[in-house]
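Please model the entire structure based on the sequences and the hints provided.
Which chain is which? The protein sequence lines are A and B, in order.
For the first sequence, the numbering used here begins at 1 and goes up steadily by one.
For the second sequence, the numbering used here begins at 418 and goes up steadily by one.
Treat the hints with care, since some could be wrong.
Said to hold, decoys possible - Using 27 Å as the maximum straight-line C-alpha spacing, the simulated DSS-like pairs for lysine-lysine come out as follows:
1) B:LYS578 / A:LYS49
2) A:LYS235 / A:LYS200
3) A:LYS49 / A:LYS26
4) B:LYS578 / A:LYS56
5) A:LYS26 / B:LYS578
6) A:LYS49 / A:LYS77
7) A:LYS50 / B:LYS578
8) A:LYS389 / B:LYS451
9) A:LYS239 / A:LYS56
10) A:LYS389 / B:LYS466
11) A:LYS77 / B:LYS578
12) B:LYS553 / B:LYS538
13) A:LYS235 / A:LYS106
14) A:LYS77 / B:LYS451
15) A:LYS389 / B:LYS532
As the list claims (entries may be wrong) - One-sided excerpt, in silico: chain A residues whose CB lies under 8 Å from chain B:
16) ILE22
17) GLN38
18) GLU45
19) GLN72
20) GLY136
21) ALA137
22) THR138
23) ASP139
24) ILE142
25) ASN388
No lab work stands behind these hints: they were computed from the structure.
By construction, the Cβ of each residue, glycine as well, lies at the ideal position given by its N, Cα and C atoms.
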Amino acid sequence: MHAIEKILAKAAGKTTVTTGEIVNCKVDLAGINDLYLQTVRSFFEMGGKKVYDPSKIVMFLDHYAPASTIMQADNQKQFREFCWDQGIDLLMDVDQGVCHQILADKGLVRPGMVLVVTDSHTTTHGAFGAFGTGVGATDCAIIMMTGQLWFRVPEIIRINLEGKLPKGVFAKDVILKVIGMLGADYGVYRGVEFTGPVLKELNISERMALCNMTTEMGAKTAYIQPDEITLAFLKDKVKQDYEIFTTDPGYKYAAEHTFDVSGLKPQVAAPHSVDNVFDVTEYAGKPVNQAFLGTCTGGRVEDIAVAARILKGKHINPRTRFIVVPASKGVFLEAMAKGYIQTLVEAGATFVTPGCAACLGTHQGMLANGETCITASSRNFPGRMGHNKAEIFVASPASVAAAALKGKIVNPADYLE
Amino acid sequence: MQNVIRGKAFVFGTNISTDQIYPGQYLDLTDPDKVAEHAMQGADPSFVKEVKPGDIIVAAANFGCGSSREHAAVTLKTVGVGAILADSFGRIFYRNAINLGIPLVVCPGIADMVKQGDTVKIDLTTGDVTNDTTGKGATAQPLSPYVMEILASGGIKPMIKEQYGQ
Ligand code: SF4
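Shown next as structure tokens:
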């Protein structure tokens with residue numbers, strides 16, 4: 001069996017599972033975001049009174065952090081009251097940041113667990129050897145009531161990464177290239193595992209970006225076998241016991257792909273789909289109105305660090321706005337302690353409260369009709385960050401910072417001495 | 418549950434995301450009737466004015482990809498979409514829509530077989546799909562027994578309520 005199958009089997013109380021089988025799994029932790037008051041509504045509509053286990057629920061007020069409309073404020077109010085009534089202690093209020101980063105920062109994610117959040121990018125937690133998957137509001141309400149949810153055991157695809165990353169090329173570029181080659185629906189209903197020597201060069205932040213973006217190929221979950229890098233990260237954070245599962249030798253993947261990253265250039269997904277991928281040099285010179293650094297994909301300390309490296313002692317182009325959103329309070333504090341915030345504010349960055357901000361087109365950095373944005377986030381669907389006719393280019397944090405500096409898309413390798 | 422669904426088709430392309438089905442700026446709405454006012458707004462702003470209960474959405478690959486927002490399913494359910502046929506679906510949208518009781522049918526090649534305004538018929542028990550305007554037919558992938566059970570119960574909420582309601 002694959003490690004993912006072993007996780008599902010254990011959660012379903014079975015010794016084996018097979019691809020395609022529908023299994024009912026105990027969920028170790030269920031997360032709900034502030035966009036989905038429907039979760040609470042569905043809970044009551046289904047006759048719920050008390051949640052199954054309040055210690056296995058975490059509530060995130062992250063997408064509207066802090067509320068910018070009365071309606072958002074009202075939704076958040078109802079969430080807080082629900083947590084207080086139900087005894088849910090893990091209420092991550094508007095000071096905390098984006099759900100996926102909080103889960104990592106606070107040691108809430110651990111290898112071998114079943115983690116379900118009302119957010120599509122829950123694949124991120126494959127970086128820790130967890131089974132992480134996104135669901136909708138009603139599915140999450142079912143977990144609140146019963147502690148479990150059904151899953152179809154997915155086919156697993158292996159993506160083997162060989163070679164050595166060139167200067168200016170990051171995990172984000174690798175995954176964009178992979179999505180560009182395989183397509184935005186290649187991973188639908190499947191699990192995606194990353195293997196290969198390149199992983200040894202990738203810290204947790206980069207691994208999270210890799211797994212996070214598998215959502216953009218439709219994946220149900222992602223996986224990286226925990227190793228010494230994972231364990232070093234988890235060591236002081238995770239309080240609970242956990243089990244690391246390993247894939248049996250001879251497991252047959254549904255498909256295997258090997259990519260050599262050695263010759264890779266920085267990549268960009270051009271409007272309006274994430275599999276519309278090119279070398280960043282193809283768009284060199286394209287003016288950008290906004291550069292956006294942040295989110296559960298590209299708002300970690302390492303991402304802010306690379307931006308600070310590119311912008312130290314310089315100033316962004318006067319025709320470009322540079323919006324920076326640390327992914328979490330933990331990220332914000334660490335970046336502050338390391339001096340990156342000072343560097344970026346001096347360079348002309350506009351800082352926003354940790355959270356999702358403009359990533360989903362609701363507030364804090366929206367785009368006007370006809371504007372162009374380069375973003376470290378995950379999506380460039382029409383209307384994603386504001387007006388339907390705005391153009392969004394998805395790229396690495398380094399490419400975003402370099403574009404802010406020059407006011408146009410450039411090759412970030414030229415700005416990383 | 419109605420096993421044979423027949424309606425006028427609204428046709429969409431590839432990778433229609435939930436951002437297009439239901440734009441992010443309206444995510445703070447929670448009343449289904451208000452949510453319904455923005456159905457498909459990011460893909461075709463005229464859809465919401467023209468759609469009638471029982472109409473059918475036909476799309477190419479990966480319909481409903483992207484964000485997990487259940488609003489995307491709620492908005493289509495509330496305007497009365499009778500069924501959605503696509504080459505393939507985004508997985509969270511698939512679960513959300515089935516949970517609400519909207520029949521979602523995977524039918525590879527369907528987008529090439531139907532034009533906007535054609536009348537399409539689908540038999541959920543046999544998987545037979547017919548374009549009544551052109552006479553062309555296709556076969557959809559069968560729905561799993563569990564999905565059929567959810568649809569037959571009128572969505573997952575009544576099912577869970579019966580089993581677990583407190
Ligand atoms: S940062 Fe963006 S992609 Fe991540 S959870 Fe928030 S809205 Fe979704």
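Structure-based check of all given hints:
1. B:LYS578 / A:LYS49: holds, 11 Å
2. A:LYS235 / A:LYS200: OK: LYS235 (chain A) and LYS200 (chain A) at ~18 Å, within 27 Å.
3. A:LYS49 / A:LYS26: Within the cut-off at roughly 20 Å; holds.
4. B:LYS578 / A:LYS56: holds, 21 Å
5. A:LYS26 / B:LYS578: holds, 19 Å
6. A:LYS49 / A:LYS77: Status holds; Cα separation ~19 Å.
7. A:LYS50 / B:LYS578: The given pair, whose Cα atoms are some 14 Å apart, holds under the 27 Å limit.
8. A:LYS389 / B:LYS451: Distance of about 24 Å is within 27 Å: holds.
9. A:LYS239 / A:LYS56: Status holds; Cα separation ~15 Å.
10. A:LYS389 / B:LYS466: holds, 21 Å
11. A:LYS77 / B:LYS578: Status holds; Cα separation ~26 Å.
12. B:LYS553 / B:LYS538: OK: LYS553 (chain B) and LYS538 (chain B) at ~11 Å, within 27 Å.
13. A:LYS235 / A:LYS106: Holds, at about 12 Å.
14. A:LYS77 / B:LYS451: holds, 20 Å
15. A:LYS389 / B:LYS532: holds, 26 Å
16. ILE22: Check passed: Cβ of ILE22 (chain A) comes within 6 Å of chain B, closer than 8 Å.
17. GLN38: Since chain B brings a Cβ to about 5 Å from GLN38 (chain A), closer than 8 Å, the hint holds.
18. GLU45: Result: holds, 5 Å to nearest chain B Cβ.
19. GLN72: holds, 5 Å
20. GLY136: holds, 4 Å
21. ALA137: holds, 4 Å
22. THR138: With a closest approach of 5 Å, the THR138 (chain A) hint holds.
23. ASP139: Since the shortest Cβ distance to chain B is 6 Å, the answer is holds.
24. ILE142: holds, 6 Å
25. ASN388: The hint holds - ASN388 (chain A) has a Cβ within 8 Å of chain B, the shortest such distance being about 6 Å.
Consistency with the previously given hints is maintained throughout, with no hint failing.
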